[in-house]
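*Asks:* Please take these sequences and the hints and turn them into a complete structure.
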Amino acid sequence: MWIILAFILAAACPDGTWGCQLPHDWRPQTEACRAELAEIIVFAKVLALHKESYSVYNYLPWQHDTDLLFSAEIELLCDQAWGSMLEVPAGSRFNVTGLGYFPCFSYSVTKNNNYYFFLRMDENYNIVPHGVNFQDPIFPDTADNHRMFASLFQFSNCTPGTQVHSFTPEWEAQEDSRLLCSTVQKALFEEEERVRVLSQKVRSLEKANGHLREKVKTMKRLLRQAQRVTMKEQQTLSLKQLYESKTPQVHPDQDTTQDQKSPPLKKVLSKKLKK
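Letter by letter, the sequence shown follows residues -19 to -1, 1 to 256 of mature numbering (1 follows the signal peptide of the UniProt record, and there is no 0).
It should be emphasised that the hints constitute simulated quantities derived from the structure, not laboratory data. Note that this is a predicted model, so its numbers are computed, not measured. Don't take every hint at face value.
What the hints assert, rightly or not - In silico EDC-like links for lysine to aspartate or glutamate, alpha-carbon gap of 20 angstroms or less: (1) K92 x E54; (2) K26 x E56; (3) K167 x E54; (4) K167 x E12; (5) K167 x D6; (6) K26 x D117; (7) K198 x E214; (8) K26 x D6; (9) K182 x D6; (10) K32 x E56; (11) K32 x E54; (12) K26 x E172; (13) K182 x E171; (14) K182 x E172.
*Replies:* If you want it as structure tokens, here you go:
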């Protein structure tokens, strides 16, 4: 039951002036990491649901459907989880406010069902869901969740029949020696950031390499054009030289006007015979 990132609702908004967007460096966290940061961890039964009016935790951009907002009266089935900040025994009852269906997420529970809750107390001493890392703080009573939470924290003085692991001193010693998830996750985030920076550098280098490739292609094209022009000029020069070598050369001092003016010998002889 994850927080619903209602981008569909944002897209459906008539004026499109609001939307849901997580921080750019957001990464999902495991239940173990969020359990380390949650102020209060309880295993409780929902006894009743109560309709709520608008408040700082209950706000919708539309004001016509108040059935989407409610609080839940819960009863603790065990003492608070080991390490939790809420020191109340099993059987205690209190209200969890700030539940319902919101533009970008939902905190929903069903009457008479059991849940694991990540909770916190606000400045007015209201108990509200603690959505660590913008993720769902409410987990249903399932075998998978029992196994998962058994490795994170344990409860004591549980109601008979409650299917949760009881607290033991051995578990506390193991918890003290356990490597904090936040430390590991910080190292992972730093590595992700380093990879992101390197990826940006690689993209920049690839872009620069692409520009160099285009420049090389342009230079090759210009070189081929210059080679074709040079080849044409060489061919023209060769043809000119060949033509000049086959044409008879006339000496500059040779007088060719007399040969042009004197009539042919055959014509002169024929004239003399006629006389």
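*Asks:* Can the restraint linking K198 and E214 be considered satisfied, given a maximum Cα separation of 20 angstroms?
*Replies:* This hinted pair is violated, its Cα atoms lying about 24 angstroms apart.
*Asks:* Given the hinted pair K182 and E172, is their Cα-Cα distance within 20 angstroms?
*Replies:* Measuring from Cα to Cα gives roughly 15 angstroms; hence the hint holds.
*Asks:* Holds or violated: K182 with D6, Cα cutoff 20 angstroms?
*Replies:* 18 angstroms, holds
*Asks:* Does E12 sit within 20 angstroms of K167, going by the straight-line distance between their CA atoms?
*Replies:* Distance ~16 angstroms between K167 and E12 Cα, so the pair holds.
*Asks:* Holds or violated: are the alpha carbons of K26 and D6 at most 20 angstroms from each other?
*Replies:* 36 angstroms, violated
*Asks:* Holds or violated: K32 with E54, Cα cutoff 20 angstroms?
*Replies:* Holds - the C-alpha atoms of E54 and K32 are around 11 angstroms apart, at most 20 angstroms.
*Asks:* Does the alpha-carbon distance linking K26 and D117 stay inside the 20 angstroms limit?
*Replies:* 18 angstroms, holds
*Asks:* For the pair supplied as a hint, K26 and E56, is the alpha-carbon distance within the 20 angstroms limit?
*Replies:* 5 angstroms, holds
*Asks:* Does E54 sit within 20 angstroms of K167, going by the straight-line distance between their CA atoms?
*Replies:* Cα-Cα ~37 angstroms, so violated.
*Asks:* Are the Cα atoms of K26 and E172 separated by 20 angstroms or less?
*Replies:* Judged against 20 angstroms, a Cα distance of about 41 angstroms means the pair is violated.
*Asks:* Hey, K182 versus E171, does the alpha-carbon distance stay inside 20 angstroms?
*Replies:* 17 angstroms, holds
*Asks:* Does E54 sit within 20 angstroms of K92, going by the straight-line distance between their CA atoms?
*Replies:* 9 angstroms, holds
Hints 3, 7, 8 and 12 from the earlier list are contradicted by this structure; the remaining hints agree with it.
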